[in-house]
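> Residue numbers (the working numbering), protein chains in the order written: chain A, 1 to 310; chain B, 311 to 676.
Any given hint could be a false lead.
Stated by the list, open to error - Label-pair ranges, simulated between beta-carbon atoms:
no.	chain 1	residue 1	chain 2	residue 2	range
1	B	Asp442	A	Leu107	31 to 41 angstroms
2	A	Arg33	B	Ser397	49 to 59 angstroms
3	A	Lys202	B	Ser352	41 to 51 angstroms
As the list claims (entries may be wrong) - Simulated pairs of lysine to any residue, SDA-like, Cα-Cα distance not exceeding 20 angstroms:
no.	chain 1	residue 1	chain 2	residue 2
4	B	Lys416	A	Arg221
5	A	Lys202	A	Pro218
6	A	Lys205	B	Asn446
7	B	Lys599	B	Ala614
8	B	Lys416	A	Glu209
9	B	Lys613	B	Glu555
10	B	Lys423	A	Gly215
11	A	Lys205	B	Ala477
12	A	Lys205	B	Arg453
13	A	Lys92	A	Val297
14	B	Lys416	A	Lys202
Hints are computed from structural coordinates only; laboratory data are not their basis. For glycine and all other residues, C-beta sits at the position ideal for the given N, C-alpha and C.
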Amino acid sequence: MSGESATSANSGSPKPPGTGRLGRLLQRSEAARGLSLLSPTLLIMFIGVAVPFGILIVMSFWTQIGFGFDTSPTVANYENFGERPIYGALLKRSLWMSSAATAATVLLCYPMAYFVAFHIHRNKMIWIVLITLPFWTSYLLRVFAWKVVLGYEGVINSALMTLGLIKAPLEFLLYSQSAVVITLAHAWAAFAILPMYVSLEKIDKSLLEAATDLGDGPVRRFLRITLPLSMPGVISASLLIFIPTTGDYITPALLGGPDGAMIGNLIQKQFGAINNWPMGATLSIILMLSIAAIALVFMFVTNFVRKRIS
Amino acid sequence: MKQSDAYISIRNVNKLFGSFQAISDVSIDIRQGEFFSLLGSSGCGKTTLLRMLAGFEMPTSGEIFIDGQPMSEVPPHRRPVNMVFQSYAIFPHLNVRDNIAYGLRKRKLSRAKRDTMVDEMLELIKLPEYGDRKANQLSGGQRQRIALARALILRPKVLLLDEPLGALDKQLREQMQLELRALQKTVGITFVFVTHDQEEALTLSDRIAVMANGRELQVDTPTRLYERPVNRDVASFIGNMNFFEGKITGISDHRASVDVKGLGHVTTTNFDAKLKPGVDICIAIRPEKLILTENEPRNTGNKARGQMDKAAYLGERSHYYVRLDGISQPVAISAQNRQRAEGAPEEKRPIWISWEDDAFVVLEDG
Ligand SMILES: Nc1ncnc2c1ncn2[C@@H]1O[C@H](COP(=O)(O)OP(=O)(O)OP(=O)(O)O)[C@@H](O)[C@H]1O
Ligand SMILES: [Mg+2]
Numbered sequence: 001m002s003g004e005s006a007t008s009a010n011s012g013s014p015k016p017p018g019t020g021r022l023g024r025l026l027q028r029s030e031a032a033r034g035l036s037l038l039s040p041t042l043l044i045m046f047i048g049v050a051v052p053f054g055i056l057i058v059m060s061f062w063t064q065i066g067f068g069f070d071t072s073p074t075v076a077n078y079e080n081f082g083e084r085p086i087y088g089a090l091l092k093r094s095l096w097m098s099s100a101a102t103a104a105t106v107l108l109c110y111p112m113a114y115f116v117a118f119h120i121h122r123n124k125m126i127w128i129v130l131i132t133l134p135f136w137t138s139y140l141l142r143v144f145a146w147k148v149v150l151g152y153e154g155v156i157n158s159a160l161m162t163l164g165l166i167k168a169p170l171e172f173l174l175y176s177q178s179a180v181v182i183t184l185a186h187a188w189a190a191f192a193i194l195p196m197y198v199s200l201e202k203i204d205k206s207l208l209e210a211a212t213d214l215g216d217g218p219v220r221r222f223l224r225i226t227l228p229l230s231m232p233g234v235i236s237a238s239l240l241i242f243i244p245t246t247g248d249y250i251t252p253a254l255l256g257g258p259d260g261a262m263i264g265n266l267i268q269k270q271f272g273a274i275n276n277w278p279m280g281a282t283l284s285i286i287l288m289l290s291i292a293a294i295a296l297v298f299m300f301v302t303n304f305v306r307k308r309i310s
Numbered sequence: 311m312k313q314s315d316a317y318i319s320i321r322n323v324n325k326l327f328g329s330f331q332a333i334s335d336v337s338i339d340i341r342q343g344e345f346f347s348l349l350g351s352s353g354c355g356k357t358t359l360l361r362m363l364a365g366f367e368m369p370t371s372g373e374i375f376i377d378g379q380p381m382s383e384v385p386p387h388r389r390p391v392n393m394v395f396q397s398y399a400i401f402p403h404l405n406v407r408d409n410i411a412y413g414l415r416k417r418k419l420s421r422a423k424r425d426t427m428v429d430e431m432l433e434l435i436k437l438p439e440y441g442d443r444k445a446n447q448l449s450g451g452q453r454q455r456i457a458l459a460r461a462l463i464l465r466p467k468v469l470l471l472d473e474p475l476g477a478l479d480k481q482l483r484e485q486m487q488l489e490l491r492a493l494q495k496t497v498g499i500t501f502v503f504v505t506h507d508q509e510e511a512l513t514l515s516d517r518i519a520v521m522a523n524g525r526e527l528q529v530d531t532p533t534r535l536y537e538r539p540v541n542r543d544v545a546s547f548i549g550n551m552n553f554f555e556g557k558i559t560g561i562s563d564h565r566a567s568v569d570v571k572g573l574g575h576v577t578t579t580n581f582d583a584k585l586k587p588g589v590d591i592c593i594a595i596r597p598e599k600l601i602l603t604e605n606e607p608r609n610t611g612n613k614a615r616g617q618m619d620k621a622a623y624l625g626e627r628s629h630y631y632v633r634l635d636g637i638s639q640p641v642a643i644s645a646q647n648r649q650r651a652e653g654a655p656e657e658k659r660p661i662w663i664s665w666e667d668d669a670f671v672v673l674e675d676g
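Okay, chain A solo, but in the shape it has when bound (with noise of 0.2 angstroms):
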């Protein structure tokens, strides 16, 4: 850069278009150029991200009284937040559940993920396109599947009962937490192994050899190479699902039944039948805020273990 403007100066031809302040200061600051290119992106990340999270922070200061609000600033909601146990439990429901779901579909996926990075040589992307098929579908049409799946009426339950295994529907397969678990599991799998299948086959294979070579064994080598490896993948598969999962309330809703209810039906009933926009909005916030310091510890431990196991 430096050298461009030297030749210019030197050979003092005249200035090219756009060389005026600006024009230096964006030849010179790689920052500078970055954020030039960024800045449609932000205008609209601002507009469309900043503008409500701001509005939902001012609002949870607020009071509903009837179909209007009292603005006068207050931290009621909070203070309402820890005194109901309802909230609190509700919440802690929701993180264990999409835990759960995130644990489950990151367990289910790195195989496949594996699978295809290492063992299909030839077009992979027809793999990868064939594994993802399923979520070319609707969210709400995946949902419903798992429904016709686990519904009382459903495909497990019709099966069982035909072999004569049992005499009545299992009711725990349906309007459960497990049943929200396995659906989310399923729904969230493409955000999963899309990232994991890229770290996996981003790393070069003749490291593999070498850790051969120095004398591990297959698991060892999975071990202290592939997986250490492959983490990037595993915590953005992870932070990819675990982020919507906790906030969702589709599928509790149509799968959840009583128990399996999450934060995400709260605060839809507080935006609709409750009509509490206020308490909203806090719950809003108050799931944001955990969401974030569960993914700032996630990737807190990850690194710690990651250098531990190397």
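Fit chain B with the ligands to the given chain A structure using the hints.
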């Protein structure tokens, strides 16, 4: 070589990739403590052969013995060999110390003992300050040395090196060649070294296997490979060579008399004992073994008259191309510039070439 000498013994090994024959019937014996090179042009199967020694590829047929043990049932992580990969394969998530100590984990050593061994290795590769660096903070030469240390710390019986100097610039490469050779002498480990650089192979090796198209053409010491190549492929792969057609006129006293087109009568002891008088053969001489003179040399019968075609001045030496009667290809001559050069010799000037006894080699394929 006797079977008992061989530490590594490659016996009639073939390797097919699908229907493509990468290695055809290779048999090579490598002695203990030897610096052995596999030399050949790109795609001739050097890496494939090395990977079969390491156990990453299995021979389609044939057997490899290391220290008398057949290797066909031994997986790569149990073989007494270690490999330095062409790409170095330094683990990116580990620092230099952990990379070097990687293979030690299996041996139940105390932490202190392990640290001392790593320190010794860092000392040996002259990177004592670099223990805490990550792989992406190292230069190519440093990575190469770490890859070497990582294998050497395990004291393998055999170290396999796949073009370890290929990615380095000329200067660093020559320095590393010297270090590698010195290191091999110090640790006394058998090195099997793959390269496509003939000069590198000649400088470093005790013995070299020259390969082409998945076969070994000749396995010999550098001197013999250069002075006494068995066929045209070897002769032209290592250094430059002038080839002539000829016919053997007589053999007596281990000395063959050959009638050479363009040169007349030549005698040499460098020939295969199986050859009989009357056979058409190929005879060859290195450019630096030909002597160029203005006037007819006296006291020797080994001479021919020619005409200067081209000359190229290279500083320390010059290359000349001389036309001889009866052959179309000009003969290459390389000469030290002992005296100060006085401009280029004029073209088409008549000159003489001569050679010492035994400078010619008779090659297998005529
Ligand atoms: N896994 C494989 N599948 C098919 N063909 C292969 C495979 N590995 C190597 N080959 C072929 O075998 C031949 C020898 O390959 P090899 O890698 O041993 O060459 P090389 O002598 O090491 O060459 P270079 O000097 O370029 O590294 C090549 O023609 C190559 O295309
Ligand atoms: Mg190779």
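> Next, verify each hint and record whether it holds.
Outcome of the hint check:
1. B/Asp442 / A/Leu107: 31 to 41 angstroms: The hint (31 to 41 angstroms, Cβ to Cβ) holds, given that B/Asp442 and A/Leu107 are roughly 34 angstroms apart.
2. A/Arg33 / B/Ser397: 49 to 59 angstroms: violated, 33 angstroms
3. A/Lys202 / B/Ser352: 41 to 51 angstroms: Given range 41 to 51 angstroms: violated, Cβ gap about 27 angstroms.
4. B/Lys416 / A/Arg221: Roughly 12 angstroms separates the two Cα atoms, so the pair holds.
5. A/Lys202 / A/Pro218: Status holds; Cα separation ~19 angstroms.
6. A/Lys205 / B/Asn446: Roughly 18 angstroms separates the two Cα atoms, so the pair holds.
7. B/Lys599 / B/Ala614: Holds: B/Lys599 and B/Ala614 sit about 14 angstroms apart, inside 20 angstroms.
8. B/Lys416 / A/Glu209: Holds - the C-alpha atoms of A/Glu209 and B/Lys416 are around 17 angstroms apart, at most 20 angstroms.
9. B/Lys613 / B/Glu555: holds, 17 angstroms
10. B/Lys423 / A/Gly215: holds, 19 angstroms
11. A/Lys205 / B/Ala477: Distance of about 19 angstroms is within 20 angstroms: holds.
12. A/Lys205 / B/Arg453: holds, 17 angstroms
13. A/Lys92 / A/Val297: holds, 16 angstroms
14. B/Lys416 / A/Lys202: Between B/Lys416 and A/Lys202 the Cα gap is close to 27 angstroms, so the pair fails against 20 angstroms, i.e. violated.
The structure fails hints 2, 3 and 14 (numbered hints given earlier, in ascending order).
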